[in-house]
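Student: In order, the protein sequence lines correspond to chains A and B.
All residue numbers for the first sequence refer to our numbering, where the first residue is 1 and numbers rise by one.
All residue numbers for the second sequence refer to our numbering, where the first residue is 1 and numbers rise by one.
Hints were generated in silico from the structure; no laboratory data involved.
Keep in mind that a hint or two might mislead.
Not the full set, but computed from the structure, chain B residues with beta-carbon under 7 angstroms of chain A [as the list claims (entries may be wrong)]: (1) 117; (2) 221; (3) 247; (4) 296; (5) 304; (6) 312.
Think about it this way: if two alpha-carbon atoms lie no more than 25 angstroms apart in a straight line, the pair counts; the simulated SDA-like pairs of lysine to any residue are [stated by the list, open to error]: (7) 144(B) <-> 288(B); (8) 288(B) <-> 208(A); (9) 266(B) <-> 217(A); (10) 144(B) <-> 294(A); (11) 288(B) <-> 247(A); (12) 121(B) <-> 247(A); (13) 288(A) <-> 315(B); (14) 288(A) <-> 305(B).
Since this is a predicted model, take the numbers as computed values, not measurements.
Ideal placement from N, C-alpha and C gives every residue a C-beta, glycine not left out.
2 protein chains.
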Amino acid sequence: MARVLRVAGAQMGGTQKADSRPHTLARMLALLEQAARAGARLVVFPELAFTTFFPRWFVPDPRELDGYFERAMPNPNVQPLFDRARALGVGFYVGYAELTPEGRRFNTAILVAPDGALIGKYRKIHLPGSVEPREGARFQQLEKRYFEYGDLGFPTFRAPASLVGGVLGMLVCNDRRWPEGWRVLGLRGVELVCVGYNSAAYDPNGGETEDSGLRTFHSQLAAQSNAYMNATWAVAVAKAGDEDGSGLIGGSCIVDPNGRIVAEAKTLGDEVIVADCDLDACRQGKEKMFNFAAHRRPHWYGPIVSQVGATPPEA
Amino acid sequence: MARVLRVAGAQMGGTQKADSRPHTLARMLALLEQAARAGARLVVFPELAFTTFFPRWFVPDPRELDGYFERAMPNPNVQPLFDRARALGVGFYVGYAELTPEGRRFNTAILVAPDGALIGKYRKIHLPGSVEPREGARFQQLEKRYFEYGDLGFPTFRAPASLVGGVLGMLVCNDRRWPEGWRVLGLRGVELVCVGYNSAAYDPNGGETEDSGLRTFHSQLAAQSNAYMNATWAVAVAKAGDEDGSGLIGGSCIVDPNGRIVAEAKTLGDEVIVADCDLDACRQGKEKMFNFAAHRRPHWYGPIVSQVGATPPEA
């Protein structure tokens, strides 16, 4: 019997600094309702979905900074999303800034089951950006300042029967460009990877680098290839469009285990994409081309763990 | 000063079992001449370029099997290719079946400099197929029977000034689908990866699996994404078309460090593709998005080397 899970990606348009929490949550609830009406059993929201992408600013005031973080999950600010999802019988992935009781900060994502139970938590490992602000720059990328590196590894989770018992994994944003994270999920049998992201559409400080078309291509290429090479479905979901003068790419997509895009966002705004994901379609790849037990040769992979940076041969 | 290397891919059409060695070598010489006329300084030939893809047959006669192997490189059968390349001042990558003086067998590739010097050797690590023949099947995939796993790791080599001092790496065929090999090359500073392949266009035994369009997509997706994620150029070159009733995909391509295809074969026959590869175009990726020293987190990559097969969570 095919294990078909109807999955939605809930792409969000930009969230401005001045937007209230209830305003943003109302948008998320509308996307959730739309996905549920389309029959989705699992809805994937973006990274840091409840707020604007605040690491683009240097925020010296700790109280202002704390306003972007969640001290518990759920909490009163987000409870309506949890309540409505449970009422609709829909599970979800959502990214948020986590502030632990011990005062530790992570760029986190959780998977919640249709009955409201927590399936699992992931804390972003591949933090981009820098610790120190770039002097004189209008926009920063300060994830390395505001978050600790994730400390939970790359776990997979067996979903409940309401999500056809799938093996689910999570990544956050920049993680999707690093094949190591995908491979660890693959080695743990992943069948569906959820990944939310906020990715700059251009250099917000006016430098001449990749344009938004190329950046969207990169984003999809990473999701497609790593899905293929690990014989898994992937759902990659953007926060897109303009946030206070800084642009984010869209390109949210659902990718099959052959690396093909089967659903794709057409806008840079709030938009739901849906696909039926037959988790048994992973078997062909996992048993043949990417039968890890038969074909991997870890003896020669040592440098992947024994060194961090690149060491080219001498000139 | 930009370090621009004009590179050619010399795709080959099918080579039949009955084709003579001189006949096949004459085709390779014609491709070499064409590439040199187009100004290429480095020409990439396919995997097992001097013969048909013999692992598709169970060959019980050791003398017949040995006829597909090279006991030295160069040797009189292939010497004209080496001589002509040196006369033209063109370097090349070529794949061949290697039989060592000790009787060991590998699926090997070498890089030869424009002056005829050996730059480096690589022995295929990701051998597909099986040791034992599939009973009753018209076509086999017996690479695991005919070859040992490569024993040289994934080295990179500093090319001479005649090849603009580039950092070169090699893969063979199925290796290109495994991000681990690419990543080790990336950790060794690779700027141009050469990979020859023979990849089935369909199940030659008539099973219903991926069609040739999907298989070509897979091949290009793997080259494109791994080039992007390691900020390197890649040249992926097929032996294509029909070989004694078994079909091989084409899709030879040259890929830039952004993962974009900049040159692509249009046929399934002998065909030269050419592109100017500015090796300094790797710097943007290597210094920013894929600055390994700044962003990799090997502490969490352990399962990549500590386990071989997949271990899903319990159902």
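Student: Hints first: check each against the structure and report whether it holds.
Tutor: Hint check:
1. 117: Result: violated, 16 angstroms to nearest chain A Cβ.
2. 221: Given a least distance of 5 angstroms, the restraint on residue 221(B) holds.
3. 247: violated, 17 angstroms
4. 296: holds, 5 angstroms
5. 304: Residue 304(B) check passes; min Cβ-Cβ to chain A is 5 angstroms, inside 7 angstroms.
6. 312: Because about 2 angstroms separates residue 312(B) from the closest Cβ in chain A, which is inside the 7 angstroms limit, the hint holds.
7. 144(B) <-> 288(B): Since the Cα atoms of residue 144(B) and residue 288(B) sit roughly 40 angstroms apart, the hinted pair is violated (cutoff 25 angstroms).
8. 288(B) <-> 208(A): Answer holds: residue 288(B) to residue 208(A) is near 14 angstroms, not above 25 angstroms.
9. 266(B) <-> 217(A): holds, 23 angstroms
10. 144(B) <-> 294(A): holds, 10 angstroms
11. 288(B) <-> 247(A): With Cα atoms ~19 angstroms apart, residue 288(B) and residue 247(A) stay inside 25 angstroms; holds.
12. 121(B) <-> 247(A): Violated: residue 121(B) and residue 247(A) sit about 46 angstroms apart, past 25 angstroms.
13. 288(A) <-> 315(B): Holds. Residue 288(A) to residue 315(B) sits at ~22 angstroms (cutoff 25 angstroms).
14. 288(A) <-> 305(B): The hint holds at about 21 angstroms.
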